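Construct the complete structure from the given sequences, taking the supplied hints into account.
Sequences listed follow chains A and B, in order. Under my numbering, the first residue of the first sequence carries the number 1, and numbering increases by one thereafter. Under my numbering, the first residue of the second sequence carries the number 1, and numbering increases by one thereafter.
Be careful, since some hints might not be right.
As the list claims (entries may be wrong) - Label pairs and their calculated CB-CB ranges:
(1) B:319 with A:158: 52 to 58 Å
(2) A:38 with B:163: 42 to 48 Å
(3) A:174 with B:94: 37 to 43 Å
(4) B:81 with A:158: 56 to 62 Å
(5) B:237 with A:42: 42 to 48 Å
(6) B:206 with A:9: 51 to 57 Å
(7) A:42 with B:355: 26 to 32 Å
What the hints assert, rightly or not - Quick look at which bits of chain A chain B covers, simulated, 3 or more residues with Cβ under 8 Å:
(8) 29-40
(9) 62-70
(10) 97-111
(11) 118-125
(12) 137-145
(13) 150-161
Claimed, not checked - Some, not all, of what chain B presents toward chain A, calculated at C-beta under 10 Å:
(14) 43
(15) 45
(16) 47
(17) 51
(18) 60
(19) 63
(20) 345
(21) 357
(22) 360
(23) 364
(24) 366
(25) 370
Worth flagging that the hints you see were computed from the coordinates, not collected in a lab. A quick note: this is a predicted structure, and the numbers were derived from the prediction, not measured. Virtual Cβ for every residue (Gly too), placed ideally from N, Cα, C.
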Amino acid sequence: MGNTSSMLTQYDIEEVQSHCHELFEQQEILSLYQRFCQLDRNAKGFISADEFLSVPEFAMNPLSQRLLKMVDGLNFKDFVAFLSAFSAKASLRQKVQLIFKVYDSDCNGKVSFKDIMEVLRDLSGSFMSDEQREEVLRQVLKESGYTSDSFLTVEDFVKIFGSCKPEMDVEIPVD
Amino acid sequence: MSSTAGRLVTSRSELDLDHPNLEDYLPSGSSINEPRGKLSLRDLLDISPTLTEAAGAIVDDSFTRCFKSNPPEPWNWNIYLFPLWCFGVVVRYCLLFPLRVVTLAFGWIIFLSLFIPVNALLKGQDRLRKKIERVLVEMICSFFVASWTGVVKYHGPRPSIRPKQVYVANHTSMIDFIVLEQMTAFAVIMQKHPGWVGLLQSTILESVGCIWFNRSEAKDREIVARKLRDHVQGTDNNPLLIFPEGTCVNNNYTVMFKKGAFELDCTVCPIAIKYNKIFVDAFWNSRKQSFTMHLLQLMTSWAVVCEVWYLEPQTIRPGETGIEFAERVRDMISLRAGLKKVPWDGYLKYSRPSSKHSERKQQSFAESILARLEEK
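Next comes the structure, spelled out in structure tokens:
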């Protein structure tokens, strides 16, 4: 399924479905394909960063640059796999894993104090000083039993999120 | 003109969306803004609201929807309908299309053989020349409309030539201009196009009075605003037609109106245009087709059917800003033509949103974090 023809076969859909751990229905995958083809203007088989940024709602998001690194150049299968964490059927672990990946920009499996600071900087911009951000982070880390030298793993993240699933559901419009 | 109304306040950036209620339109699922007691590590690490907004935008967004051309559903898929469709294709391409080309060519011949002499010979008598040219332009536009078998139903009182009035309409394709021009010779403000369209613009449209703008130039806005003012003040100029969306939209939605047309201190007469999609999708997707291809597509369809409503002229109310006035008129037009409103600037088709919006989100996040830090 390398090239984006405008028709997906049943085989293609099932392949994509298994790749995203059955988190999307077949209709949802078809809708996502329509959307993928809409964003991928010259049918290259992937969506470039520029094409993502042409969606103003996405470009306005404070985390857009981070997410761009994760979705830029993905083919359709991986695009669906990325979005599968936002399915209502995704488990807590799957959602937390995506959140972890956003923090762990160097993909070394560990999230450091610096990594969290960088995300905080993206989210708060010039409205908080570095000192304020450090102070907040140090304080909440201490209260949860970590220090500023701690490295958080996925397991730590799962523990921190506890039993409460983050509200991270996106509905795929099916028409 | 009083001195206070002298200077048009134009903002610095092209994309100054200082619309007060933009946040009302966008999905407000952000729970970052709700202070919920003491800040915990989980609260700080939980970026899920922001992520969800981003993913939601990737999956579907109201801006891209405005420029989606919907291809008609194929109905020719069985053994009875397919030959019928083939017959239709033959009629359209081999019978209608040549007839239409001939009609159009005929119209052009008449037009040029009258326009060029009138333009050259009556150079001295401006009033008479303008009158004749107006009639001729209306005529050639009627020929154009006939060449697509255009069926246009006009509702409402016809526009009259009066100073201090401006007409605004929603924009679907450059043919909007032709459809309206066949009824009344408007002066228009347009983006200068290359090729044969540009040639037409510089010769024929000059005679009805046209103002050019260039989207890519930043300073252009102020220059254009001044030209608009000058035109509307003039008593002998054709009524000015402005498409405040600034770009072609697919006739299902309206994007935000630029306030320039609404800050000219004159009456604004709204016009709503709605095309009937059963016959042809008149949306000119300038990213996908050139104007020539678009015209050819129209000339090989059955018909272009549309309705035009001339709505009640509006003036700015005391205490209303230009933007509020623009939105009020947009409401009227959207309601009349059955279009949905979206809060986006049409120019976002060509460039990125300004950082003001992400800054607003950053500010609310920062404030809530700092507020919750105070709560011990």
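Hint-by-hint comparison with the structure:
{"no.": "1", "hint": "B:319 with A:158: 52 to 58 Å", "verdict": "56 Å, holds"}
{"no.": "2", "hint": "A:38 with B:163: 42 to 48 Å", "verdict": "46 Å, holds"}
{"no.": "3", "hint": "A:174 with B:94: 37 to 43 Å", "verdict": "41 Å, holds"}
{"no.": "4", "hint": "B:81 with A:158: 56 to 62 Å", "verdict": "57 Å, holds"}
{"no.": "5", "hint": "B:237 with A:42: 42 to 48 Å", "verdict": "44 Å, holds"}
{"no.": "6", "hint": "B:206 with A:9: 51 to 57 Å", "verdict": "56 Å, holds"}
{"no.": "7", "hint": "A:42 with B:355: 26 to 32 Å", "verdict": "28 Å, holds"}
{"no.": "8", "hint": "29-40", "verdict": "holds (count 4)"}
{"no.": "9", "hint": "62-70", "verdict": "holds (count 4)"}
{"no.": "10", "hint": "97-111", "verdict": "holds (count 4)"}
{"no.": "11", "hint": "118-125", "verdict": "holds (count 5)"}
{"no.": "12", "hint": "137-145", "verdict": "holds (count 6)"}
{"no.": "13", "hint": "150-161", "verdict": "holds (count 3)"}
{"no.": "14", "hint": "43", "verdict": "8 Å, holds"}
{"no.": "15", "hint": "45", "verdict": "6 Å, holds"}
{"no.": "16", "hint": "47", "verdict": "6 Å, holds"}
{"no.": "17", "hint": "51", "verdict": "6 Å, holds"}
{"no.": "18", "hint": "60", "verdict": "5 Å, holds"}
{"no.": "19", "hint": "63", "verdict": "5 Å, holds"}
{"no.": "20", "hint": "345", "verdict": "8 Å, holds"}
{"no.": "21", "hint": "357", "verdict": "4 Å, holds"}
{"no.": "22", "hint": "360", "verdict": "9 Å, holds"}
{"no.": "23", "hint": "364", "verdict": "9 Å, holds"}
{"no.": "24", "hint": "366", "verdict": "4 Å, holds"}
{"no.": "25", "hint": "370", "verdict": "7 Å, holds"}
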